[in-house]
Amino acid sequence: MATLSNITISGRLKSQDRWFIAALSVYGCALGYSIIMINLLARASTLADPERLHIPEAILTYGAGALAGILAAGLVAYTVHLAGHDWSLTIGSWMLLSIGFALIFSLVTGGLFLPISVISVDFYQGQMDPIELVLASTNAVARSPVQALIGGVPIMFTSVVGGLLFGPVAWMIDRFHYSGQPMISRYAPIGVATLVGLGVLVTFSILPTTLLARLG
Amino acid sequence: MLKNTAIVIGIVVAFASIFIIGAFISVAITTADAITSAENFLTLINRGDAHEAYMNGSPDLQNAQSENQFRLQFTALGQEQLKVMPWYRQTLPQSGITLLEASSSDNARFVIEAVHTDEWRVRSITNWTQFNVGPGVWFRAVPPDSQIQDLVKETLLEFNIATLSNDFDTFLKGPNVHSSVGQSNLSESFETLANSGSNFNEITNLTADLTDDPDWQRIRACQPFGGCKTIVTTSISVKGRYNLDPTPLTFKLFYTYIHPKWVLGCTQTVRPCTVELTPEKAPYAN
Chain A
1 MATLSNITIS GRLKSQDRWF IAALSVYGCA LGYSIIMINL LARASTLADP
51 ERLHIPEAIL TYGAGALAGI LAAGLVAYTV HLAGHDWSLT IGSWMLLSIG
101 FALIFSLVTG GLFLPISVIS VDFYQGQMDP IELVLASTNA VARSPVQALI
151 GGVPIMFTSV VGGLLFGPVA WMIDRFHYSG QPMISRYAPI GVATLVGLGV
201 LVTFSILPTT LLARLG
Chain B
1 MLKNTAIVIG IVVAFASIFI IGAFISVAIT TADAITSAEN FLTLINRGDA
51 HEAYMNGSPD LQNAQSENQF RLQFTALGQE QLKVMPWYRQ TLPQSGITLL
101 EASSSDNARF VIEAVHTDEW RVRSITNWTQ FNVGPGVWFR AVPPDSQIQD
151 LVKETLLEFN IATLSNDFDT FLKGPNVHSS VGQSNLSESF ETLANSGSNF
201 NEITNLTADL TDDPDWQRIR ACQPFGGCKT IVTTSISVKG RYNLDPTPLT
251 FKLFYTYIHP KWVLGCTQTV RPCTVELTPE KAPYAN
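Residue numbers (our numbering), protein chains in the order written: chain A, 1 to 216; chain B, 1 to 286.
I should point out that these hints are in silico values taken from the structure, not numbers from a laboratory.
It is possible that some hints are incorrect.
Cβ-to-Cβ under 7 Å is the rule here; a few derived chain B residues that face chain A [to be verified]:
1) I20
2) V27
3) Y88
4) R89
5) L92
Computed cross-link-like contacts, SDA-like style, restricted to lysine to any residue with a CA-CA straight-line distance of at most 25 Å [what the hints assert, rightly or not]:
6) K3(B) with T79(A)
7) K3(B) with L67(A)
8) K3(B) with I190(A)
9) K3(B) with L82(A)
10) K3(B) with G74(A)
11) K83(B) with I131(A)
12) K3(B) with A22(A)
13) K83(B) with E132(A)
14) K3(B) with R186(A)
15) K83(B) with Q127(A)
16) K3(B) with V141(A)
17) K3(B) with Q16(A)
18) K83(B) with G126(A)
What follows is a set of in silico ranges between Cβ atoms, one per label pair, in the way DEER data are often shown [what the hints assert, rightly or not]:
19) E154(B) with P154(A): 50 to 58 Å
20) V161(A) with S95(B): 36 to 44 Å
21) I55(A) with N132(B): 20 to 28 Å
22) I150(A) with I18(B): 23 to 31 Å
23) D33(B) with S93(A): 57 to 65 Å
24) I55(A) with D167(B): 52 to 60 Å
It should be emphasised that the depicted structure is a prediction, and the values quoted were computed from it without experimental measurement.
All C-beta atoms, glycine included, are put in the ideal place defined by N, C-alpha and C.
Pulled out of the complex, with its shape left as it was, chain A reads as follows (with noise of 0.2 Å):
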């Protein structure tokens, strides 16, 4: 059981506790991407049929949702390590922290990774130079407290449809993570992660465009 002594003198993290979080950043990365990729699908199909961005503005664009689901599965997984628990989270508890990594994505992509990728993408196609590129980056990262409501609430229903399938597995991997055998809290975390995140990744790829706009 959790102790003060053991959250404040800590904030370390043992070996496995890495591994989770690793695992659960895994996860994120292949939801922020199918995330993203929904999102601009749905607010597409408002004016026309909608259509997947073809590489490589797909892996800059969609490539935002990634980092930033990176970044808010593995700042949620962090977290719940740092408050300090040596047992597994119920379903209802994850299915709250979902919400957590549903704000965190979609205001860090809305703030900050999109506007990115958008710099990147003008880059990439030869609308920028790379002084313009340095600036519209500074500018945007200095935009980024206002632009992540303005940017950040037209992908939070998104977020929180993200946030249902983000629970659930989230559970699963916590209850590899506590198993009692030293491999498989080592192991399966991460090899779970990989594999529903490439089923993810998978299914929102291949799955009809008008079908996942209404997702979005």
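Based on these hints, arrange chain B on the given structure of chain A.
For chain B alone, coordinates are given in the frame of chain A:
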């Protein structure tokens, strides 16, 4: 916790640095040859060797524009010396095409399009706002007097035909007019010309006295409190006079640039209409 925070911040800073440095390096590497080619091209132009520059241009440029047209564009630009901006002000190539930024001595901006075939060659040079008009050198600068004379003659002769045949629709839909107004807006004012008594055919043998109008001072215009700027304009108004018999004719015509040429502008949004012809002592001004 402090250590973990430092690690996270370190990773973020490292990624940001790689991102920025990568951007600079990628532009430096991918644009180097195109910049060299464009600089060689401009060196030839700046020392007056237009023929050599034309021959060094891409085949697309040579197919789209004759050498004479090529020369005329640089003549219209006057004495401006163009130079390619440094590599860090350039953008990434797209599918074998690089759009390079160039500037004149008074900081007007131009776009040089270089294409990669066997080597990088210049395909187009345009002013900043019309970089997508295709191969060739197109500055949209005010043309030389001789071209304006030809433009005015052409307009008035076509206009005369329209007046005599009372067919303004054909005139308005012709290739030398950019029109968004209908016949009804024009015919009333144009009909007066048929009664002016002037012999329009004489225009072919006359040279108009073009007024020294600030609208079409050459390529440079100096602001009262600013520097001098290169004029790359979308419209010019031409005033002048023909000594026709029996009634001399003054005119004011408004031209707009529709790539690749100047045409009579007839748009209600810009100004009501474009042709003002005034037989002297009997004004029929529109």
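Satisfaction of the R89(B) interface hint, Cβ to chain A closer than 7 Å = With a closest approach of 5 Å, the R89(B) hint holds.
inquiry  = Given the hinted pair K83(B) and G126(A), is their Cα-Cα distance within 25 Å?
reply    = Distance ~20 Å between K83(B) and G126(A) Cα, so the pair holds.
ask   = Taking 7 Å as the limit, does the beta-carbon of Y88(B) come near enough to a beta-carbon in chain A?
value = 5 Å, holds
key: Given pair status - T79(A), K3(B), alpha carbons within 25 Å   = Since the Cα atoms of K3(B) and T79(A) sit roughly 15 Å apart, the hinted pair holds (cutoff 25 Å).
request  = Would you mind confirming whether the straight-line C-alpha gap from K3(B) to I190(A) stays at or under 25 Å?
outcome  = 23 Å, holds
query = When you check the alpha-carbon spacing of K3(B) and G74(A), does it fall within 25 Å?
reply = Holds: K3(B) and G74(A) sit about 16 Å apart, inside 25 Å.
message = V27(B) was flagged as interface toward chain A. Is the shortest Cβ-Cβ separation under 7 Å?
response = 5 Å, holds
inquiry  = Holds or violated: the 20 to 28 Å window for the beta-carbon distance between I55(A) and N132(B)?
reply    = Hint holds: Cβ distance 25 Å, inside 20 to 28 Å.
request  = Could you tell me whether the CB distance from I150(A) to I18(B) stays inside 23 to 31 Å?
outcome  = 28 Å, holds
task = Below or equal to 25 Å on CA atoms is what counts here, so check K3(B) against V141(A).
result = 24 Å, holds
query = Does L92(B) meet its interface restraint, that is, does its C-beta lie within less than 7 Å of any C-beta in chain A?
reply = 5 Å, holds
Hint consistency between K83(B) and I131(A) [alpha-carbon to alpha-carbon, up to 25 Å] = Roughly 19 Å separates the two Cα atoms, so the pair holds.
Violated hints for the displayed structure: none, as all numbered hints are satisfied.
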